[in-house]
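A.B. asks: Under our numbering, read the first sequence as residues 1 to 593, first letter to last.
Take the hints with a grain of salt, since some may be wrong.
[Stated by the list, open to error] Distance condition first, Cα-Cα at most 20 angstroms in a straight line; then the derived EDC-like pairs of lysine to aspartate or glutamate:
| id | residue 1 | residue 2 |
| --- | --- | --- |
| 1 | 518 | 458 |
| 2 | 540 | 557 |
| 3 | 417 | 401 |
| 4 | 488 | 557 |
| 5 | 516 | 458 |
| 6 | 537 | 548 |
| 7 | 417 | 142 |
| 8 | 138 | 101 |
| 9 | 417 | 78 |
| 10 | 537 | 557 |
| 11 | 518 | 542 |
| 12 | 417 | 198 |
| 13 | 540 | 481 |
| 14 | 273 | 256 |
| 15 | 488 | 542 |
| 16 | 12 | 320 |
| 17 | 362 | 267 |
| 18 | 432 | 166 |
[Claimed, not checked] Pairwise CB distance ranges, derived in the manner of DEER restraints:
| id | residue 1 | residue 2 | range |
| --- | --- | --- | --- |
| 19 | 65 | 96 | 36 to 42 angstroms |
| 20 | 218 | 588 | 26 to 32 angstroms |
| 21 | 121 | 590 | 34 to 40 angstroms |
| 22 | 121 | 580 | 54 to 60 angstroms |
| 23 | 373 | 271 | 35 to 41 angstroms |
| 24 | 545 | 580 | 54 to 60 angstroms |
| 25 | 96 | 68 | 38 to 44 angstroms |
| 26 | 68 | 547 | 30 to 36 angstroms |
Think of the hints as simulated: they come from the structure by calculation, not from any bench.
Glycine included, every Cβ here is placed at the ideal spot set by N, Cα and C.
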Amino acid sequence: MLWSNALIPTQKESPADAVAPSHVLLLRAGMIRQLGAGTYTYLPLGLRVLRKAERIIREEMDAAGALELLMPALHPIELWEESGRVATMGDVLIKFDLGGDRKVCLGPTHEEVITDLARSYITSYRQLPITAYQIQTKFRNEPRPRFGIVRTREFLMKDAYSFGADVEQLNASYDAMYEAYCRIFDRCGLPYVAVEAESGPIGGDASHEFMVPSPSGEDQLIRCSSCGYAANVEKAEVGTLAGPSPNSDGAPAPTEVQTPGQRTIEEVAAFLKVQPEETGKLLVYLADGKPVAVLLRGDHEANEGKVRRAFGAATLEPADAPTIQRATGSLIGFLGPIGLTIPLAVDQAVALMPRIVVGGNKEDIHLRDVVPGRDFPIDRVLDLRNAAAGDPCPRCGSALEVGNGIEIGHVFKLGTKYSDALGATFQDAEGKTRSLIMGCYGIGVNRIVASAVEAGHDANGIIWPLSIAPYEALIVPLQVDPDGEVMKLSQQIASALRFAGADVLIDDRDQRPGPKFKDADLIGIPLRVVVGERGLKEGKVEVKWRHDSEAFTVPAEDAPAAIVQRLVSARQELADRVERRAEERTARRGHAG
RNA sequence: CGGGGCGUAGCGCAGCCUGGUUAGCGCGCCUGCCUUGGGAGCAGGAGGUCACCAGUUCGAAUCUGGUCGCCCCGACCA
Numbered sequence: 001m002l003w004s005n006a007l008i009p010t011q012k013e014s015p016a017d018a019v020a021p022s023h024v025l026l027l028r029a030g031m032i033r034q035l036g037a038g039t040y041t042y043l044p045l046g047l048r049v050l051r052k053a054e055r056i057i058r059e060e061m062d063a064a065g066a067l068e069l070l071m072p073a074l075h076p077i078e079l080w081e082e083s084g085r086v087a088t089m090g091d092v093l094i095k096f097d098l099g100g101d102r103k104v105c106l107g108p109t110h111e112e113v114i115t116d117l118a119r120s121y122i123t124s125y126r127q128l129p130i131t132a133y134q135i136q137t138k139f140r141n142e143p144r145p146r147f148g149i150v151r152t153r154e155f156l157m158k159d160a161y162s163f164g165a166d167v168e169q170l171n172a173s174y175d176a177m178y179e180a181y182c183r184i185f186d187r188c189g190l191p192y193v194a195v196e197a198e199s200g201p202i203g204g205d206a207s208h209e210f211m212v213p214s215p216s217g218e219d220q221l222i223r224c225s226s227c228g229y230a231a232n233v234e235k236a237e238v239g240t241l242a243g244p245s246p247n248s249d250g251a252p253a254p255t256e257v258q259t260p261g262q263r264t265i266e267e268v269a270a271f272l273k274v275q276p277e278e279t280g281k282l283l284v285y286l287a288d289g290k291p292v293a294v295l296l297r298g299d300h301e302a303n304e305g306k307v308r309r310a311f312g313a314a315t316l317e318p319a320d321a322p323t324i325q326r327a328t329g330s331l332i333g334f335l336g337p338i339g340l341t342i343p344l345a346v347d348q349a350v351a352l353m354p355r356i357v358v359g360g361n362k363e364d365i366h367l368r369d370v371v372p373g374r375d376f377p378i379d380r381v382l383d384l385r386n387a388a389a390g391d392p393c394p395r396c397g398s399a400l401e402v403g404n405g406i407e408i409g410h411v412f413k414l415g416t417k418y419s420d421a422l423g424a425t426f427q428d429a430e431g432k433t434r435s436l437i438m439g440c441y442g443i444g445v446n447r448i449v450a451s452a453v454e455a456g457h458d459a460n461g462i463i464w465p466l467s468i469a470p471y472e473a474l475i476v477p478l479q480v481d482p483d484g485e486v487m488k489l490s491q492q493i494a495s496a497l498r499f500a501g502a503d504v505l506i507d508d509r510d511q512r513p514g515p516k517f518k519d520a521d522l523i524g525i526p527l528r529v530v531v532g533e534r535g536l537k538e539g540k541v542e543v544k545w546r547h548d549s550e551a552f553t554v555p556a557e558d559a560p561a562a563i564v565q566r567l568v569s570a571r572q573e574l575a576d577r578v579e580r581r582a583e584e585r586t587a588r589r590g591h592a593g
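Please put together the full structure from these sequences, using the hints given.
C.D. replies: See the structure below:
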């Protein structure tokens, strides 16, 4: 491809409202253009990246035995009423009618459609297990699209669904998808981590997220650099906290203090001149509809999944103000653990505090010098909060680290939620009718693009991984006279690269070298070849990898072959690394199993 | 949905407070000359319903009211 024939509208200045590096650079490199909130056009360069990621996904999904199909984006609303998700998805579901009573929605995901397909065609255990996938545009009315193509209202997703006759088949499908995901992200050159994620009532190892660490990520990621433990903040466990139990000997009795209008932890701490970590906060939830209380250190965040499990409940929701008053006799802002009549669970961090400031269960009253165990019961001490930086790792006890990550993939054991709702059943070997056991597996294709830029850029522009770069090689002739030696050699190099199966872009624009080099760095093509009269006089052609700081030269006479050789070995290195990592995973599983 | 900010040329911005020539500047774009290994220089030029609607006024980019759109923080995110 000749640059002069391409549409690559690079920009020197970045738009004011772009914040994330991937957003700024994809715009400046002329790869995307915003149309509205959360909707982007992919220009030719950006589309090439998207297509390359898709291709890798297809190859690995096919290799894993998944079957590609394509489902509609337009769904009859009845299907979503059947599953109950018209209500649960709320405004995120984009609904409209086609005139008359024909109500439809745009698919935000495809569990309903695939399950409808399965209930029609899958009738026997002999057809199982089976996994199907598609790469398709999804629509979600996101309340807040952000960070360029990280969160959009319209996005490209690879979604796969497995159907099995039993849990063993589900686990095998899940493991195959997990492995395929690792291979996909390795091949895309992304520095991802697979983390345990909150999996709802199914529990166990039923859900993993694949995350690329990045400050622009929306999810919080907990990691242990010592042992490699990694988890979503929703799921991360806090290791057992060590420390002496509170000793009440000689401690003063609790005293009431006036705290008029001081409701939040920040207000109370500032008013009483103590640190938030010296206070406690009592939260009231409805666990399966019954009021329960949890006590946390003031600066900690409750983890609703942990709280729900602590009370053995199927559902958990924050209690509203009237319910709280009925259950505790007190007002929000002045709640405390003393004299409660509803079940109380205490976070382990609180149980280790020698003294604590808590609400007095009376308006405008807090209590100082409250001692856990003496002044309120600590018979139910558990891990109830989100892990924070510095907490002990649940595996090895080292300090945990907290960072952000972009979720690029998610694998999830669904069970029979949708097959039950839609009546997708099969007959087993005994002739009994049973529900299909499902798994679902998603990859955000646009997020592969965004996270590759987040993970690969410098002050000058994007640094694409070779496997998903819009072009693998960029040839920069500095003199563009079509009959000149420079252009002739450039064309020869391009031909040789194309013969080796490479994508090549030739910057044939009649520009001074400065802008051509700046644009080359900005769009981030991995291999840059500069052919100029000055170099040719010395019989040299300059070659530079975008990820290296230094260029090197090859003799002009065998430049085409030499450059092809460099590209071929770089591809091979990447392929070798993918296989090596796959072997490492196999070895680890061998140890574990 | 709460809080904050912004809509003026493809991009970045000034002008608005204090209403009054033909609405400016930089980048980019077009023509010519010149230049050619890290965003050169000179000369000429094209490009705007000043987001939209209504109002105030002799007169509105500028003042008032409303609407729409976009960004950031928070809430939300199978």
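A.B. asks: Determine for every hint whether it applies to the structure shown.
C.D. replies: Hints and how they fare:
1. At most 20 angstroms may separate the alpha-carbon atoms for a hinted pair to count; residue 518 and residue 458 meet this at roughly 12 angstroms.
2. A C-alpha spacing of about 8 angstroms is found between residue 540 and residue 557, which places the hinted pair at or below 20 angstroms, so the restraint holds.
3. With a C-alpha separation of about 35 angstroms, the suggested pair residue 417 and residue 401 falls outside the 20 angstroms cut-off, and the hint is violated.
4. Annotation: proposed proximity of residue 488 to residue 557 holds, straight-line Cα distance about 12 angstroms (limit 20 angstroms).
5. Using a Cα cut-off of 20 angstroms, the hinted pair residue 516 and residue 458 holds, with the two alpha carbons roughly 17 angstroms apart.
6. Proximity of residue 537 to residue 548 is assessed by CA-CA distance (about 25 angstroms); at most 20 angstroms being required, the pair is judged violated.
7. Of the supplied pair hints, the one linking residue 417 and residue 142 is violated, its CA atoms being roughly 24 angstroms apart against a limit of 20 angstroms.
8. Using a Cα cut-off of 20 angstroms, the hinted pair residue 138 and residue 101 is violated, with the two alpha carbons roughly 24 angstroms apart.
9. The suggested pairing of residue 417 with residue 78 holds, with an alpha-carbon distance near 17 angstroms, which does not exceed 20 angstroms.
10. With a C-alpha separation of about 12 angstroms, the suggested pairing of residue 537 with residue 557 holds against the 20 angstroms cut-off.
11. Restraint check for residue 518 and residue 542: satisfied, since their Cα atoms lie roughly 16 angstroms apart, inside the 20 angstroms limit.
12. Proposed proximity of residue 417 and residue 198 is supported: the alpha carbons are some 16 angstroms apart, at most 20 angstroms.
13. Between residue 540 and residue 481, the direct Cα distance comes to roughly 19 angstroms. Compliance with the 20 angstroms bound is thereby established for this hinted pair.
14. The suggested pairing of residue 273 with residue 256 holds, with an alpha-carbon distance near 15 angstroms, which does not exceed 20 angstroms.
15. As the CA atoms of residue 488 and residue 542 are separated by approximately 16 angstroms, the hinted pair is consistent with the 20 angstroms bound.
16. Restraint check: the Cα-Cα separation between residue 12 and residue 320 comes to about 52 angstroms, which exceeds 20 angstroms; the hinted pair is violated.
17. About 17 angstroms separates the Cα atoms of residue 362 and residue 267, which keeps this hinted pair within 20 angstroms; it holds.
18. Using a Cα cut-off of 20 angstroms, the hinted pair residue 432 and residue 166 holds, with the two alpha carbons roughly 13 angstroms apart.
19. A beta carbon spacing of about 37 angstroms between residue 65 and residue 96 agrees with the range 36 to 42 angstroms that was offered as a hint.
20. For residue 218 and residue 588, the Cβ-Cβ distance of about 29 angstroms falls inside the hinted range of 26 to 32 angstroms, so the restraint holds.
21. A beta carbon spacing of about 37 angstroms between residue 121 and residue 590 agrees with the range 34 to 40 angstroms that was offered as a hint.
22. For residue 121 and residue 580, the Cβ-Cβ distance of about 40 angstroms falls outside the hinted range of 54 to 60 angstroms, so the restraint is violated.
23. The hint said 35 to 41 angstroms for the Cβ distance between residue 373 and residue 271, and at roughly 26 angstroms that hint is violated.
24. The hinted range of 54 to 60 angstroms is not satisfied by residue 545 and residue 580, whose Cβ atoms lie roughly 21 angstroms apart.
25. A C-beta distance of roughly 29 angstroms is found between residue 96 and residue 68, which places it outside the suggested range of 38 to 44 angstroms.
26. In this structure the supplied range 30 to 36 angstroms holds for residue 68 paired with residue 547, their Cβ-Cβ distance being about 33 angstroms.
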